[in-house]
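Asker: Starting from the structure of chain A, add chain B with the ligand where the hints point.
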Amino acid sequence: MTRYGLLFENLKRKQEGAFVPFVMLGDPGIEQSFEIICTLIDAGADALELGFPFSDPIADGPTIQKSALRALKHNTTPDQCFEIIAKVRARYSEIPIGLLLYSNLVMKRGLAEFYQAAHMSGVDSVLLADVPFRESEPFREQAKKNKIDHILIAAPNADEKALANIASSATGYIYMLGRAGVTGAENQADCDLSNTLGELLQKKATPSLIGFGISRPEQIKNYLLAGAAGVIAGSATVNIIEKHETNAEVMHRELALFCQAMKAATKL
Amino acid sequence: MDTSLPPKFGQFGGMFVPELLIPALDQLEQAFIEAQQDPAFIKEFNELLTEYAGRPTPLTKTRNIVSNPLVTLYLKREDLLHGGAHKTNQVLGQVLLAKRMNKTEIIAETGAGQHGTATALACALLGLKARIYMGAEDVKRQEPNVFRMRLMGAEVIPVNAGSGTLKDAVNEALRDWSATYETTHYLLGTAAGPHPFPTIVREFHRMIGEETRVQIMKKEQRLPDAIIACVGGGSNAIGMFADFIDEPSVALIGVEPAGKGIETNQHGAAIGKGSKGILHGAYSYIMQDRNGQIEESYSISAGLDYPAVGPQHAHLHDIGRASYVSITDAEALDAFQKLARLEGIIPALESSHALAHALKMAEAATKETVLVVNLSGRGDKDIQHVQQFIGKGLMP
Ligand SMILES: Cc1ncc(COP(=O)(O)O)c(C=O)c1O
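Those protein sequences? They're chains A and B, same order as listed. Last residue of the first sequence: number 268 in this note's numbering, and the count goes up by one each step with no gaps. Last residue of the second sequence: number 396 in this note's numbering, and the count goes up by one each step with no gaps.
Everything labelled a hint here was simulated from the structure, so no lab data went into it. Remember, it's a predicted structure, so these values are computed and weren't measured experimentally. Among the hints, a few may not be true.
Derived SDA-like pairs: lysine to any residue, alpha-carbon spacing no greater than 20 Å straight-line [claimed, not checked]:
id: 1; chain 1: A; residue 1: Lys243; chain 2: B; residue 2: Ala161
id: 2; chain 1: A; residue 1: Lys161; chain 2: B; residue 2: Asp26
id: 3; chain 1: B; residue 1: Lys276; chain 2: A; residue 2: Lys73
id: 4; chain 1: A; residue 1: Lys73; chain 2: B; residue 2: Gly164
id: 5; chain 1: B; residue 1: Lys129; chain 2: B; residue 2: Ala161
id: 6; chain 1: B; residue 1: Lys276; chain 2: A; residue 2: Glu113
id: 7; chain 1: A; residue 1: Lys73; chain 2: B; residue 2: Thr180
id: 8; chain 1: B; residue 1: Lys276; chain 2: A; residue 2: Gly110
id: 9; chain 1: A; residue 1: Lys66; chain 2: B; residue 2: Lys8
id: 10; chain 1: A; residue 1: Lys161; chain 2: B; residue 2: Asp2
id: 11; chain 1: A; residue 1: Lys73; chain 2: B; residue 2: Glu295
id: 12; chain 1: A; residue 1: Lys66; chain 2: B; residue 2: Glu296
id: 13; chain 1: B; residue 1: Lys8; chain 2: A; residue 2: Ser136
id: 14; chain 1: A; residue 1: Lys66; chain 2: B; residue 2: Gln27
id: 15; chain 1: A; residue 1: Lys161; chain 2: B; residue 2: Asp176
id: 16; chain 1: A; residue 1: Lys66; chain 2: B; residue 2: Lys273
id: 17; chain 1: B; residue 1: Lys276; chain 2: A; residue 2: Glu137
id: 18; chain 1: B; residue 1: Lys273; chain 2: A; residue 2: Pro138
id: 19; chain 1: A; residue 1: Lys161; chain 2: B; residue 2: Gln30
id: 20; chain 1: B; residue 1: Lys8; chain 2: A; residue 2: Arg134
id: 21; chain 1: A; residue 1: Lys161; chain 2: B; residue 2: Gln27
id: 22; chain 1: B; residue 1: Lys8; chain 2: A; residue 2: Pro138
id: 23; chain 1: A; residue 1: Lys73; chain 2: B; residue 2: Asn291
id: 24; chain 1: B; residue 1: Lys276; chain 2: A; residue 2: Lys66
Here chain A stands alone, though its shape is the one from the complex:
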């Protein structure tokens, strides 16, 4: 069974949802990323979403854009990102690790080589923010060859056909958008996802995690009750890093507190 499979089974038994923080690799520095990730895991993160910085992140709001710029300021490269992931994997053998990035970083390296490198470093899933289902075939093929789950997005405006595609093709988890727009903690998730979640559950689709606009513990319970398997918080996590960029001690303490509070809210 995959790490995601084990995690979801485990959480189900404990009647818990998953809390999955996102951080950008290389923000504020590549070595700090390793320590930040360790703090998040030690504070209860069930899985990780890790970004590779890209110059033109069209699906991201100001918080994650700035995070990518900070990472690119000291030329964070995909090679460095894979090294950090390998280090995390060496210390934590069970936690599922997902990548969230833009397609050109994959194209430039070459699909086969990218997914091999991802597999070698211990990555479990890859989500490409600018690759919709209809463009996903070559990526899914390479992902599969390298035992990596290609993560599909369920958008609030997904129609019947889109949901059917997702239900039949998704592996790992489904990234369900809590609202339209781009990433950011400024605008809360506001879509009623119960129908979509219900439909996917009925179709026996792989579990769904809710992302976009999740920043507070109070938001979590309703999604879990509606059938979500957990939540992803990106901008809220990155905001803490930005705010305490120059004070590592406070940053780590705040990250741990945030992670613990979110994790606590996933226990039904």
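Answerer: Frame of chain A, contents of chain B with the ligand only:
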């Protein structure tokens, strides 16, 4: 098949956008297909083009600028179109499409401010609200166009993210659209971006080439030997090329900006010096570093200052149907002044790139040759900028 029209040109193009935008792009494709078959739509578009924008534009035979007696050089006068550039053609088409889809607002990106100006005028005329993203750097560089857009009621939003230029304005427009697609149409300004934009923009500009064909046949009783157009994202060039792609005797030449020199890292030659990759929704030639980060382009002409190119140009290049060359800032400035001095026409700096290459071809010609340059816009917007560059040191 997910789309009704082909989403790719050979290996190039596609729809590399967040899943959220796919329904909006599909809706746009359907609206476009239906509009193309609706006589009422075609009639309204054509009326706007003739009675509001001033089509057909003339094809002017130059009198003095070419000294080689073997060569005849014509200029397709998109500079005379309302708004001052070819941009107005496709903007009118897309605003009509937006109305057809019951959208009440328009988002657009702009670099030099030409596409923003065209969008502002069409929205003023047809009663939609326009929200125009413009890099903060460009807002400073193109002050008069910012004022022009605001005069016509458009909201101009400076974009500070990234490098504060055109590519960042496109990013911001796409972000806005992913939250507002239900009420808002994204009016992309060039023949780039995700399907169906490259196809729609080409079809709404193809009268440039169609008129040219009729006009040149009347004058010369034959097709031209070559057609030359500048390439930013590629809209004026593809509008000019489209009707000649199946005429193998007509050479199609796209001119990219070589900036301070194609060997320097300060240029905008995506085909000439870039490599294949994905930017703004399409697989095409782009300027990128070894890790796939997008590089900043540079050109004296803001309208050509873009690190990618429309996917159909990438395809025409790969199959060898069109050739892509480049012209430096200095060569473009030289052509800019020559056209003013010798023909009494002040061209846009963008169009000056095409002209500069045509003048090189004219000089080199050893047999009778007919050339057509797409003079995509007029140079009023560039006067201050050019003055800074050449100061009082005008050409003799
Ligand atoms: C006069 C003029 N020509 C050409 C261009 C370049 O765009 P495209 O390559 O889409 O024709 C611009 C863009 O602003 C322009 O204003």
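Asker: Hint by hint, note whether the structure agrees.
Answerer: Hints versus structure:
1. Proximity of Lys243 (chain A) to Ala161 (chain B) is assessed by CA-CA distance (about 19 Å); at most 20 Å being required, the pair is judged to hold.
2. Note on Lys161 (chain A) and Asp26 (chain B): the hinted pairing holds, with a Cα-Cα distance of about 13 Å set against a maximum of 20 Å.
3. Note on Lys276 (chain B) and Lys73 (chain A): the hinted pairing is violated, with a Cα-Cα distance of about 24 Å set against a maximum of 20 Å.
4. Using a Cα cut-off of 20 Å, the hinted pair Lys73 (chain A) and Gly164 (chain B) holds, with the two alpha carbons roughly 16 Å apart.
5. Distance hint between Lys129 (chain B) and Ala161 (chain B) is unfulfilled; the C-alpha atoms sit about 24 Å from each other, more than 20 Å.
6. Between Lys276 (chain B) and Glu113 (chain A), the direct Cα distance comes to roughly 17 Å. Compliance with the 20 Å bound is thereby established for this hinted pair.
7. Our distance criterion of 20 Å between C-alpha atoms is broken by Lys73 (chain A) and Thr180 (chain B), whose separation comes to about 31 Å.
8. The suggested pairing of Lys276 (chain B) with Gly110 (chain A) holds, with an alpha-carbon distance near 11 Å, which does not exceed 20 Å.
9. The straight-line distance between the Cα atoms of Lys66 (chain A) and Lys8 (chain B) is roughly 33 Å, outside the 20 Å bound, and the hint therefore fails.
10. For the hint linking Lys161 (chain A) to Asp2 (chain B), the alpha-carbon distance of about 11 Å falls within 20 Å, and the restraint holds.
11. Simply put, Lys73 (chain A) and Glu295 (chain B) have alpha-carbon atoms about 14 Å apart, close enough for the 20 Å limit, and the pair holds.
12. A C-alpha spacing of about 18 Å is found between Lys66 (chain A) and Glu296 (chain B), which places the hinted pair at or below 20 Å, so the restraint holds.
13. Note on Lys8 (chain B) and Ser136 (chain A): the hinted pairing holds, with a Cα-Cα distance of about 15 Å set against a maximum of 20 Å.
14. At most 20 Å may separate the alpha-carbon atoms for a hinted pair to count; Lys66 (chain A) and Gln27 (chain B) exceed this at roughly 32 Å.
15. Of the pairs offered as hints, the one joining Lys161 (chain A) and Asp176 (chain B) is violated, with about 26 Å between alpha carbons and a cut-off of 20 Å exceeded.
16. Simply put, Lys66 (chain A) and Lys273 (chain B) have alpha-carbon atoms about 29 Å apart, too far for the 20 Å limit, and the pair is violated.
17. Taking the CA atoms of Lys276 (chain B) and Glu137 (chain A), the gap is about 19 Å. The hint holds against a cut of 20 Å.
18. The straight-line distance between the Cα atoms of Lys273 (chain B) and Pro138 (chain A) is roughly 26 Å, outside the 20 Å bound, and the hint therefore fails.
19. Only pairs whose Cα atoms come within 20 Å are accepted, and Lys161 (chain A) paired with Gln30 (chain B) is accepted, the gap being roughly 17 Å.
20. Between Lys8 (chain B) and Arg134 (chain A), the direct Cα distance comes to roughly 13 Å. Compliance with the 20 Å bound is thereby established for this hinted pair.
21. Taking the CA atoms of Lys161 (chain A) and Gln27 (chain B), the gap is near 15 Å; set against the 20 Å cutoff, the hint holds.
22. Restraint check: the Cα-Cα separation between Lys8 (chain B) and Pro138 (chain A) comes to about 15 Å, which is no more than 20 Å; the hinted pair holds.
23. With a C-alpha separation of about 14 Å, the suggested pairing of Lys73 (chain A) with Asn291 (chain B) holds against the 20 Å cut-off.
24. For the given pair, Lys276 (chain B) sits about 26 Å from Lys66 (chain A) by alpha-carbon distance, which is inconsistent with the 20 Å threshold.
The structure is inconsistent with the numbered hints 3, 5, 7, 9, 14, 15, 16, 18, 24, although it conforms to all the rest.
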